[in-house]
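Visitor: Residue numbers (my numbering), protein chains in the order written: chain A, 8 to 356; chain B, 8 to 356; chain C, 8 to 356.
It cannot be assumed that every hint is accurate.
One copy or two, it doesn't matter: identical chains are merged, so the pair holds either way.
Here are the simulated lysine-lysine pairs, DSSO-like style, with alpha carbons at most 30 Å apart [unchecked claim]:
no.	residue 1	residue 2
1	K24	K59
2	K310	K348
3	K328	K59
4	K328	K207
5	K328	K348
6	K207	K24
Note that these hints are calculated values from the structure, not bench results. On a predicted model such as this, the values are computed, not experimentally measured, just so you know.
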Amino acid sequence: MPASPTAGPFTLDEIAKRCGGTVVGDGRILIRQVNTLENAGDGELAFLSNPKYRGQVEQTRASGIVLSAEHASLTTVSRIVSEQPYLTYARAATLLNPTTEAPPGVHPRAEVDARARIAPTASIGPNAVIGHDAEIGDGCVIHPGAVVGARVSLGARTIIHANAVLYADTQVGSDCVIHAGAVLGADGFGMAETPAGWLKIPQIGRVVVGERVDIGANTTIDRGALDDTVIEDGVKLDNLIQIGHNVRVGAHTIMAACVGVAGSADIGPRCMIGGAALIAGHLRLVEGVHITAGSFVMRSILKPGRYSGVFPIDDNAAWEKNAATLRQLHTLRDRLRALEKNAGRSPTP
Amino acid sequence: MPASPTAGPFTLDEIAKRCGGTVVGDGRILIRQVNTLENAGDGELAFLSNPKYRGQVEQTRASGIVLSAEHASLTTVSRIVSEQPYLTYARAATLLNPTTEAPPGVHPRAEVDARARIAPTASIGPNAVIGHDAEIGDGCVIHPGAVVGARVSLGARTIIHANAVLYADTQVGSDCVIHAGAVLGADGFGMAETPAGWLKIPQIGRVVVGERVDIGANTTIDRGALDDTVIEDGVKLDNLIQIGHNVRVGAHTIMAACVGVAGSADIGPRCMIGGAALIAGHLRLVEGVHITAGSFVMRSILKPGRYSGVFPIDDNAAWEKNAATLRQLHTLRDRLRALEKNAGRSPTP
Amino acid sequence: MPASPTAGPFTLDEIAKRCGGTVVGDGRILIRQVNTLENAGDGELAFLSNPKYRGQVEQTRASGIVLSAEHASLTTVSRIVSEQPYLTYARAATLLNPTTEAPPGVHPRAEVDARARIAPTASIGPNAVIGHDAEIGDGCVIHPGAVVGARVSLGARTIIHANAVLYADTQVGSDCVIHAGAVLGADGFGMAETPAGWLKIPQIGRVVVGERVDIGANTTIDRGALDDTVIEDGVKLDNLIQIGHNVRVGAHTIMAACVGVAGSADIGPRCMIGGAALIAGHLRLVEGVHITAGSFVMRSILKPGRYSGVFPIDDNAAWEKNAATLRQLHTLRDRLRALEKNAGRSPTP
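Just chain A, with the same shape it has in the complex (with noise of 0.2 Å):
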């Protein structure tokens, strides 16, 4: 298990004080660490929040649990009784395991130009490199090889992982953490065609990220052709995802691993992107769309719900026997119409 440092321990009532509940039984305990109701030991708090796993509160050798009122009974370990136990319990690990501290101050080893303003709290790794005009806010975090361009703003917090690139000119608000091999700003896949091939456009847009975003591992966004690619406050993109030029992705939406979104395509807030779901370009989903992963979204959801479109999985030859009818289907529903028109007359004696 890790060895990474951990910012307790805490009594049960503390923790209940910061992150929300009510104990039940002894507050006194000391709380180091975070863990599942089957792998939770001494000093550990478990929790309880998908019904599924109720069996396991019995036999749990955890120090305390946080699970609802409904729950409450199944155990007499000390417990946080809470509304929202996954919440309370995030709460909890999180206050449990904060952020590393990184040592403040330009390691002899990175490289940053003489006209980037780094703010004294800032940490800055070896082999980072930083360009001209860039402006690093207070406690920002530069990991290992992150290169970030000239003109470059961060907001205060924010956290690069180790070889994410940030082309010139782009903006990233406070408090986000963009992971390892992301790329913000590299051009947008802009081109004419000529008699001649291919004339790719200079794309003079930025990359513009709010507040509290989180960007995933070898994550993509382009700079925009003209106008900023949009990503605004709390979104949540996990890894090896593409946003396309001048995408806009609207406040708190969250998207799942592989999901591509096309140029100019505009997310409302509060989405929810499943998985390699694909959005075409300039197109529009309104706020509360969620798209179940794997699906190709290649018009304009007006209206909040949940939308599908992912054929079924079966065993190869079910499979083969059904495609195979599928690229008849056309066919099928007019021979189905052709009885019924058939039926309609039949009557007659």
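Fit chains B and C to the known structure of chain A by using the hints.
Guide: Frame of chain A, contents of chains B and C only:
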């Protein structure tokens, strides 16, 4: 808005002379930058290509507009009338926004092998690594943290962005752009099954890239198993694309983001592959094949044209019903056939 | 063709002795490299595995051929007759093309924490960064720009390619290959909803990788939320794959490029997952499940076998008609049912 330096200003006359089209109105006005009809202001050149936006021509505050003869009378603003407004605009944007100059020479914090040959006009950034016997052509720019392996060859004016990796023996022609995090020449995925597990087969081919090729951020192109993987002249690849070993991508073919091409596929010239399309291995696409985004190409396509295979999206309830029925599609066809047979017999009184 | 150094030459006899099979013809000929039947020349060994290429055996100018007894009489060239020609060839290719030796020791431009433990036979390249308390085993090679976090452990002979990133606490066994740009141990995507937006849940599990595992370029494997994400011995992952937190990938399972595996999926040993397949979270695949490229696995699969779910590709006009009909498939079934009912009544005279 971006503060990147531009090359202008140019008079509208000068722009028309260099980029095509005829000036109507005052050709002496100075143009400093391009912008959208909606956002352009003083000193900026906008364009109308998609008739959908013709309404914006009246309101624009642009100093100049590029448009077609058909739309030339929509405005009294100084304008360039062109048979191909988008192409003229693209050229004007390129004229006004040249690639940023990089200082020639090797940064003291670059690590260049003594046996590498670097053209004196090339620029090697901090923390870039150049292996032995690599050849870097005139005017190349190697951005920070890029790793260029042994015996790699780069033609003139090719740009390798930050943290991209070119494995040993990769060949890249002139005037290419390889974006951040792209990986060329990693091992192809060749494995032989043995009782003890998978045995990796050495991948001794190379990646060979032609001239004027663009490769997007975090795109991966594997080296060949025995023969080379080949990307021909003028190919444009977007971000997060995977090209398997021994693939050939024909000249001027363009692929949107997240496409996957399996090993030994042979893709003809001037194809267009939509985002997240998937192309199976060991098959052939002739010149001029267009694949819709999200489609899976499982067989060779020997006739130019547009091909699609995408499950239509719907609200979730409708999708669930249709997907369930789809899994019985084959029996539906059989039932229809039985009815038709029956209908054939039924006329007998 | 590549100029990489090889280990040979070897006599055909020596190759048969080490790699399996029986020599027919002159076993004293010298073999320097492997190549295709089509391109092989003097000093090169080709192979015939796929009978589709048997016609090339006659024309080949290879010095030697590996083939099965069934095809042994197609040629008079010196040959190795093997029950498994592809496997014998794979071993010969490995013999002739050993992994390039890297000079042991720490490059002066590597940044190694004083508390890291580096085996004297390991090779640490320029601009590599090794964190505190990391352990790097015998014969490991850390390529330029790779970042190895605190407390990471690497078994003997493991290779980390350029600019790959291993977050703190990642464990990797011996004889693994991690390709350029891969990211192991970034935060899993765990978020709790709050009225103020998504609250990120600390991810305190690790990534634990077994022995003889290959991980492709720009592939991402997230650390566990509480328990670890586990990749067992002999697993082979291609490029641009996403493995979510707390996934288990069983021994000797192989995945082609662009696959996405959502959190907590439990994939058995010896599975084969085709390219760009998508596996939903919290489900189970037993040993020996094969998933066709492009399929979306939405439910557990508890029986070995081959499973598919891919929309068939067609020319665009046919696709449009069939896709439109598909959206009404459910009503088609209802109409068919009504006709059947009607047909059942119709025999009444």
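Visitor: All hints are to be evaluated individually against the structure, with a verdict given for each.
Guide: Each hint, compared with the structure:
1. K24 <-> K59: within (28 Å within a copy, 58 Å between copies)
2. K310 <-> K348: neither (37 Å within a copy, 38 Å between copies)
3. K328 <-> K59: Answer is between: at 27 Å across copies they meet the 30 Å cutoff, but 37 Å inside does not.
4. K328 <-> K207: neither (44 Å within a copy, 35 Å between copies)
5. K328 <-> K348: Both, since 28 Å and 21 Å are each at most 30 Å.
6. K207 <-> K24: For K207 and K24, only the inter-copy Cα distance (20 Å) is at most 30 Å; the intra-copy one is 58 Å.
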